[in-house]
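Chains A and B are the protein sequences, given in the same order. Our numbering applies: residue 4 is where the first sequence begins, and numbers increase by one. Our numbering applies: residue 8 is where the second sequence begins, and numbers increase by one.
It is possible that some hints are incorrect.
Here are the in silico distance ranges between beta carbons for each label pair [what the hints assert, rightly or not]:
1. A:GLY5 <-> B:SER144: 27 to 37 angstroms
2. A:THR41 <-> B:GLU120: 50 to 60 angstroms
3. A:VAL23 <-> B:ARG136: 22 to 32 angstroms
4. A:ARG214 <-> B:THR62: 40 to 50 angstroms
5. A:GLU78 <-> B:GLU202: 36 to 46 angstroms
In silico DSSO-like links for lysine-lysine, alpha-carbon gap of 27 angstroms or less [claimed, not checked]:
6. B:LYS148 <-> A:LYS161
7. B:LYS145 <-> B:LYS178
8. B:LYS192 <-> B:LYS178
9. B:LYS145 <-> A:LYS161
10. B:LYS178 <-> B:LYS148
11. B:LYS148 <-> B:LYS192
These are calculated hints, taken from the structure and not from any lab test. Just so it is clear, CB atoms sit at the ideal spot from N, CA and C, and this is done for glycine as well.
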Amino acid sequence: MGGALTVARRELAGYFATPVAYVFIVIFLIMSGALTFTLGNFFDRGTADLQPFFGFVPWLFLFLVPALTMRLWAEERRLGTIELLLTLPITQWQAVLGKFLAAWVFCGIALALTFPLVLTVNYLGNPDNGVIATGYAGCLLVAGTYLAVGAAISALTKNQVIAFVLAVAVCFLFAAAGSPVVTEFLSTRLPALAEIARGISITDRLSGFSRGVVTLRDIVFFASFIGFWLFANAVAVDHRKAD
Amino acid sequence: MSALIEIDRLTKRFGSFTAVDDVSFTVARGEVLGFLGPNGAGKSTTMKMLAGFVTPSSGTARICGEDVVDRPVAAKRHLGYLPEGAPTYPEMTVAGFLAFAAHIRGFRGSEAEDRIAHAMRLTTLEGVRLQPIETLSKGFKRRVGLAQALLHDPPVLVLDEPTDGLDPNQKHEVRRLISQMAPSKAIVISTHILEEVSAICSRAIIIARGRILADSTPAELASRGPSLDAVFRALTLPQEAA
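Working from the sequences, and respecting the hints, build out all of it.
Dropping the structure here:
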């Protein structure tokens, strides 16, 4: 675990040593704020909560998180530092976990910086802050799932554009699987798949969190989803590291 | 003398191409082994397998008795490795990069600081300690990679072209450093510079097309022909034509 944390600390410092961190955070804050106040009808809804915000964040992450993960392994290959990293006395699993943790903490920082929204609803009314807390937890878990997917795909290819496009596509698959369009289509044509599609849907799982309902099932879902993709990441690194 | 590096029938195939073909040798403490061969001969692949980066197709290697395939982390603890091209993280400062290397090797607090300071002194990096690595010249970058490999004072050093891209003075410095560390370590260096082998290596292995063609002292190799250059050509050219 110590090795993973050392890798994570280096990675996180790396984000802030380059413009990556600032561009990501600024764009995320502008977009999430703008969408919440315009499309989300923040003021006209007449309720003091952050439902519109929690509705938009997963879709923002769908594009921003793959932009973060596309360079995760591809950059190490390009610079040749993957050879340095994997010949240090740590396991590949620690390197994979360290990189994931750094990116996750970074997404957590970006989410935490939306705190003015929380202050605003508390100033305007009496929101249920418990629901807001679970909503944030849900967003963080969604970021984690997208990160795990994107990191694994980044380990498969040297090309950052391919890594980005594939990660967006795969994340979109899991995000859209539970949407009414998909489930209605599937339940009329392929009823067997409709249940599976709902089962793997990330947005379905998230809806509970944004209403303040956290079930063990949802937590197990997110944990096993992230775990599976991290495992895939470790396998991909092992097979493709020297290519 | 105990062998710190044992390479045991190491083979690496990429598809139908055999990059390293049944290579075996050992290196004892006090030896500086020069690894010579034309480009694409399998030098780097052999070193990458020894460092645990490339998984062998068959055979194995041991560092201080630890198998690089079965016990990779234990083996890597005893190893200082400079990969080809000396890759480093460009956005980090020299001090930050070495602190990362120290932490990942388990050094903390004042011990980490002492080791970083010592490694920087050995490679004369003190003057640029707070500069981002991307702003440094090629020679400095190479020395940062070297400092990282020396930081934990490992019994085994594997250096892939340690003097490539250095100016003559820096080359001399690095050679002096290697000679100075030689008695307490087993060192493998790969190089294209034959005079370097005569200058610092106690033993030379010539490899081409994945096979060992000669394993002797530089002096003995040189005495086989008019010069070490001529012997190298005579040994490796027929191989390349075949």
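Here is what the structure says about each hint:
Separated by about 34 angstroms at the C-beta atoms, GLY5 (chain A) and SER144 (chain B) satisfy the suggested range of 27 to 37 angstroms. For THR41 (chain A) and GLU120 (chain B), the Cβ-Cβ distance of about 53 angstroms falls inside the hinted range of 50 to 60 angstroms, so the restraint holds. Taken as a hint, the range 22 to 32 angstroms holds for the pair VAL23 (chain A) and ARG136 (chain B), whose Cβ atoms sit roughly 25 angstroms apart. As the Cβ distance of ARG214 (chain A) to THR62 (chain B) is approximately 49 angstroms, the hint placing it in 40 to 50 angstroms holds.
At about 37 angstroms, the beta-carbon gap between GLU78 (chain A) and GLU202 (chain B) stays in the expected band of 36 to 46 angstroms. Distance check on the hinted pair: LYS148 (chain B) and LYS161 (chain A) sit about 24 angstroms apart at the alpha-carbon level, within 27 angstroms; holds. A threshold of 27 angstroms between alpha carbons decides the hint, and for LYS145 (chain B) with LYS178 (chain B) the separation of about 12 angstroms falls inside it, so the pair holds. With a C-alpha separation of about 20 angstroms, the suggested pairing of LYS192 (chain B) with LYS178 (chain B) holds against the 27 angstroms cut-off.
Simply put, LYS145 (chain B) and LYS161 (chain A) have alpha-carbon atoms about 24 angstroms apart, close enough for the 27 angstroms limit, and the pair holds. Pair hint LYS178 (chain B) plus LYS148 (chain B) holds up; C-alpha atoms about 13 angstroms apart against a cutoff of 27 angstroms. Of the supplied pair hints, the one linking LYS148 (chain B) and LYS192 (chain B) holds, its CA atoms being roughly 24 angstroms apart against a limit of 27 angstroms.
Violated hints: none; the structure is consistent with every hint.
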